[in-house]
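Take these sequences, add in the hints, and give me the full structure.
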Amino acid sequence: MNLLFPLGMAALGALVPLVALYLLKQKRVDTPVPAAFLWTRAIEDLRASSLFQRIRTPLLFFLQAASIVLCALAAAGASLDLDIGSEPRRVIVVVDRSRSMGVADETGGATRMEVARALCLDAVSGLHASDEMMLVAFDAEAEVLVAFTSDEELLTKAVERLAPRDLPSRPADALRLAASFAKASPGFVPEVVVVSDGAVTGDLPLISCEVTFARLGTTDANQGIVDARLASTPGERPEVFVRVRNAGKEPMARSLVLRRAGEIVDARRLACDGGADVVAFFELEDPEGDEPVLLDVALEGRDALPADDHVALVLRPAVPRAGLLVREQPTLHLDAEKLSALHPGLVVTAVRPDEARATFDAGVAIDLVVWDGVAPETLPPVAAQIFVGALPPGSGLVRTGSQEFPTIIDWERTHPTTARCQFDDIVIEEAPLLRGVERSLALVDTTGGPVVLLTPVPGREVLVVAFDPARSNLPLKLAWPLFLANSLDYLLAGVRREGEEPVQPTGVTLRTADGGPFEVTRPDGVKVASAPAQDGRHVVRATDAAGVYVLAAEGAAPVPHALALLDESEVAIAPATELVLGGDRVEASPAVLRRNVLLRDPLLLACLGILLLEWALWCSRR
Amino acid sequence: MALLDEEFLARLERLEIVSRRLRRGIQRGERRSLRRGSSVEFADHRPYGAGDDLRFLDWNMYARLDRLMTKLFLDEEDLAVHLVLDRSASMDFGDPTKALVAKRLLAAIGFVALVGLNRVSLWSPGEGGDVELTHLRGPRASERLFAALERAPVGGAAGLDEPLRRFVGTRRPRGVLLAVSDFLHPDGSWEHLRTLVRGGLETYCLRVLTPHEEEPVIEGDLRLLDSESDAAVDVSVTPALLRRYAAAREDYDRRLAEFCRSRQIVLIPTRTDASVETLVLEVLRRKGLLR
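Chains as they are written, first to last, in this note's numbering: chain A, 20 to 641; chain B, 3 to 293.
FYI, nobody ran anything at the bench for these hints, they're computed from the structure.
Keep in mind that this is a model prediction, so the values were computed, not measured.
Ideal Cβ placement from N, Cα and C applies to all residues, glycine included.
There could be a bad hint or two in this list.
[Unchecked claim] Here chain A is said to cover these stretches of chain B; the calculated rule only asks that three of the stretch's residues, wherever they fall, bring their Cβ under 8 Å from a Cβ of chain A:
hint: 1; segment: 228-240
hint: 2; segment: 249-263
[Claimed, not checked] From chain A, some residues computed to sit far from chain B (all C-beta separations above 12 Å):
hint: 3; residue: 49
hint: 4; residue: 317
hint: 5; residue: 359
hint: 6; residue: 473
hint: 7; residue: 593
[What the hints assert, rightly or not] One side of the interface only, derived from the structure: several residues of chain A facing chain B at Cβ under 7 Å:
hint: 8; residue: 48
hint: 9; residue: 50
hint: 10; residue: 51
hint: 11; residue: 54
hint: 12; residue: 56
hint: 13; residue: 62
hint: 14; residue: 237
hint: 15; residue: 294
hint: 16; residue: 312
In structure tokens form, the structure reads like this:
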């Protein structure tokens with residue numbers, strides 16, 4: 020609280036005569052009477068009929084004193100000092116501009132971002148000449164819109180440019196940024212004001228500043244698509260997988276519609292309780308021709324945040340996958356042609372280790388590598404890799420010895436790689452004893468430890484058949500080709516070359532393969548021309564809006580790219596009650612950026628109310 | 003300042019004390035006695051006996067009946083009038099004070115009684131010892147009565163309760179008793195008045211109150227101190243409290259009046275702002291004490 024006219028507190032001097040009068044009043048005047056017993060009877064009757072007779076006198080005194088204090092505060096210009104102080108201040112306003120800030124649930128149908136802008140503008144107009152403000156916006160990343168300045172025009176323009184973007188809310192970087200700027204302000208007590216709905220992702224750092232959380236938002240009723248995938252395996256019909264979350268408390272019943280090139284292909288009726296997810300699958304016809312097809316999955320109807328009700332997908336023609344079978348010498352159990360036949364669209368070439376190394380060095384796109392009895396010194400950047408009779412480098416698997424005729428005791432019957440395979444009649448002449456298998460998933464386990472594993476390596480996971488199949492009867496069994504086919508499907512299903520993704524997260528950088536004149540059509544229809552960068556490729560970084568970006572190079576067919584924000588925290592739009600910074604909890608305080616609020620009228624109203632109460636009490640004594 | 007002025011005394015000389023009953027006196031007075039005496043008022047005859055005064059022979063009856071009969075006349079005797087003054091501290095209130103009004107009343111009644119050759123006594127217990135005058139007789143004794151009343155101090159906590167019991171028990175008075183007091187007793191007990199009735203006294207109680215006792219003119223937060231005890235009452239004077247006080251006082255007055263009426267005690271209430279002359283010449287005559 021601030022006093023604009025401190026001299027007004029002189030009105031508190033009225034308390035002196037009041038206290039004096041009260042003390043004098045309390046020192047009752049001695050009055051002799053002929054006989055007091057009649058008064059005793061009278062006052063006993065009166066006390067019996069009035070419950071609060073004894074406390075009335077001090078109560079009236081306190082009420083009178085309170086009314087004087089309130090009048091003095093009103094005369095002194097008492098105001099709520101939320102952003103104006105007598106000392107120069109430096110305020111860092113950290114504004115959330117993620118997608119949930121576009122929810123229109125504020126008073127009068129305003130969006131959260133509109134209210135945030137109003138709060139910021141209010142704070143800007145309330146700055147003293149010696150005050151400075153800094154404006155930081157954050158979504159997936161932090162951006163300093165305006166560094167410390169007292170230039171109201173500059174700050175106002177920056178605030179007015181604030182708009183929600185289809186990006187997740189990750190304020191950690193923004194808070195670290197604010198803390199570093201605050202530390203670089205010697206002589207000031209830095210203040211950080213976070214303007215957000217609190218729907219954020221990730222842990223927030225503990226910063227050594229006074230942090231205020233100005234919370235926005237009023238509702239949590241929202242449903243949105245939190246996951247969408249398109250599986251297009253060659254030879255099989257494409258499938259669309261969609262997961263919808265009902266972030267509200269009320270049950271949901273909405274329709275999910277799949278459109279292909281603008282026409283409805285299929286629809287599902289989705290229903291679930293509040294806070295639950297519901298999943299839908301769509302099976303598509305094979306794409307015709309070589310042109311990519313745009314798919315759109317949409318939740319019909321409206322909710323608080325329509326932006327998360329649509330997801331675009333690009334169904335592209337199947338591209339043949341290239342594979343290498345790396346070996347020193349040909350073996351009977353692995354053959355390049357047979358491997359190619361196990362997975363449609365896969366072309367496997369048998370090479371020697373040195374040839375494989377040359378291929379990798381040349382930058383040839385390879386989707387699969389099967390290492391047969393050999394292992395590279397370092398893992399090549401290939402998404403799908405199978406090690407047969409060898410151990411992958413960097414996996415932590417170490418051969419500590421060997422075991423003869425280990426007995427298979429169990430195998431994963433539900434895993435996609437070993438499904439429908441029978442390993443109980445497999446006889447292995449010799450298998451290695453492995454150490455460091457704790458992080459791996461044992462697909463086939465023996466008395467001497469796992470012999471078939473799915474092992475994590477940096478950036479991916481690889482399939483390891485630790486023993487030499489040639490020293491077992493496995494290649495003679497049906498389980499072997501079945502296992503290989505399963506493994507190829509499993510590993511290649513997640514392999515996407517750059518530019519092949521049916522949908523990418525917003526904020527990614529889109530690149531073109533070739534140079535030359537180039538034009539980008541954004542989701543809102545705006546076309547932006549661009550010149551190639553130094554490496555001859557075009558780069559599109561402004562991908563903060565969900566939708567389809569069409570990259571068109573001169574003389575080439577336009578390439579669509581679908582971007583979507585499939586972020587669960589942005590679908591859950593419920594305003595948070597607090598922010599947890601490290602171990603500190605910052606309670607939400609609505610409208611914290613308001614300027615000084617003069618309390619004269621509320622104080623005078625309260626004073627009037629007290630006087631009325633006193634009058635009522637006084638009348639009740641009669 | 004004299005208690006009574008000359009003009010008022012002159013008017014009082016035409017009045018006399020009225021007793022509702024004839025009583026045996028001690029000395030000859032102006033009041034009819036139960037005893038036959040030498041007054042001019044004929045009472046009866048009786049046969050003459052040796053030693054009878056020949057002057058009282060009824061010669062007319064002797065001439066008609068040839069029998070000697072002696073005439074009997076009513077004897078005129080004095081009346082004992084007992085004046086009791088309450089001079090406790092509670093009587094020292096009002097303007098004029100209740101004590102002064104009481105003294106003037108007693109002086110007037112005493113004067114009337116003395117002029118009527120009645121036997122007058124004054125008794126007043128209280129601070130500084132009892133004030134007591136006995137066997138006053140004749141108008142000339144009024145000076146002593148007036149002086150004693152004027153000198154009687156007012157104050158102290160002694161009421162009439164116990165002293166009056168003692169007075170009746172030791173003196174066994176007869177005649178008329180006139181007590182002037184405010185009759186304010188915390189416990190609301192007036193049993194001491196019952197002893198007066200048992201003793202055959204013709205009792206008149208003059209109750210003197212101040213106007214402010216009936217309608218208090220006080221305000222604010224006060225500590226009311228009882229004049230005759232250590233009692234103190236803290237009050238915040240409000241209209242509601244005044245209404246409660248008035249109700250308590252009226253209840254007290256009602257019970258006192260009922261007590262006196264049931265015991266044939268004449269209770270005469272008055273206020274200090276009332277005229278003593280009017281009270282004596284009109285009210286007491288109306289109540290039958292004077293004529």
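Hints versus structure:
Counting residues of the segment 228-240 of chain B whose C-beta sits closer than 8 Å to any C-beta of chain A gives 11, which meets the bar of three, so the coverage hint holds. A count of 4 residues in the segment 249-263 of chain B with a Cβ less than 8 Å from any Cβ of chain A is obtained; the coverage claim is therefore met, three being the minimum. The Cβ of residue 49 of chain A does not lie farther than 12 Å from every Cβ of chain B; its closest approach is about 5 Å, which violates its non-interface assignment. With 12 Å as the threshold on Cβ separation, the claim that residue 317 of chain A sits away from chain B holds: the shortest Cβ distance comes to roughly 77 Å.
At roughly 109 Å, the least C-beta separation between residue 359 of chain A and chain B is larger than 12 Å, which holds for a residue marked as non-interface. The claim that residue 473 of chain A is not at the interface with chain B holds, since no C-beta of that chain comes within 12 Å of its own (minimum 91 Å). Every beta carbon of chain B lies more than 12 Å from that of residue 593 of chain A, the smallest distance being close to 57 Å; the non-interface claim holds. Taking 7 Å as the C-beta cut-off, the interface hint given for residue 48 of chain A holds, the closest approach to chain B being about 5 Å.
Taking 7 Å as the C-beta cut-off, the interface hint given for residue 50 of chain A holds, the closest approach to chain B being about 5 Å. This hint holds: residue 51 of chain A has a C-beta 5 Å from the nearest C-beta of chain B, less than the 7 Å allowed. Hint status for residue 54 of chain A: holds, given a least beta-carbon distance of 4 Å to chain B, under 7 Å. Given the 7 Å rule on beta carbons, the hint for residue 56 of chain A holds: about 4 Å separates it from the nearest Cβ of chain B.
Hint on residue 62 of chain A holds. Least Cβ distance to chain B is approximately 6 Å, under the 7 Å limit. At a threshold of 7 Å, the smallest CB-CB gap from residue 237 of chain A to chain B is about 52 Å, leaving the interface hint violated. Hint status for residue 294 of chain A relative to chain B: violated, with the closest Cβ pair at about 62 Å, above 7 Å. Hint status for residue 312 of chain A: violated, given a least beta-carbon distance of 92 Å to chain B, over 7 Å.
Hints 3, 14, 15, 16 from the earlier list are contradicted by this structure; the remaining hints agree with it.
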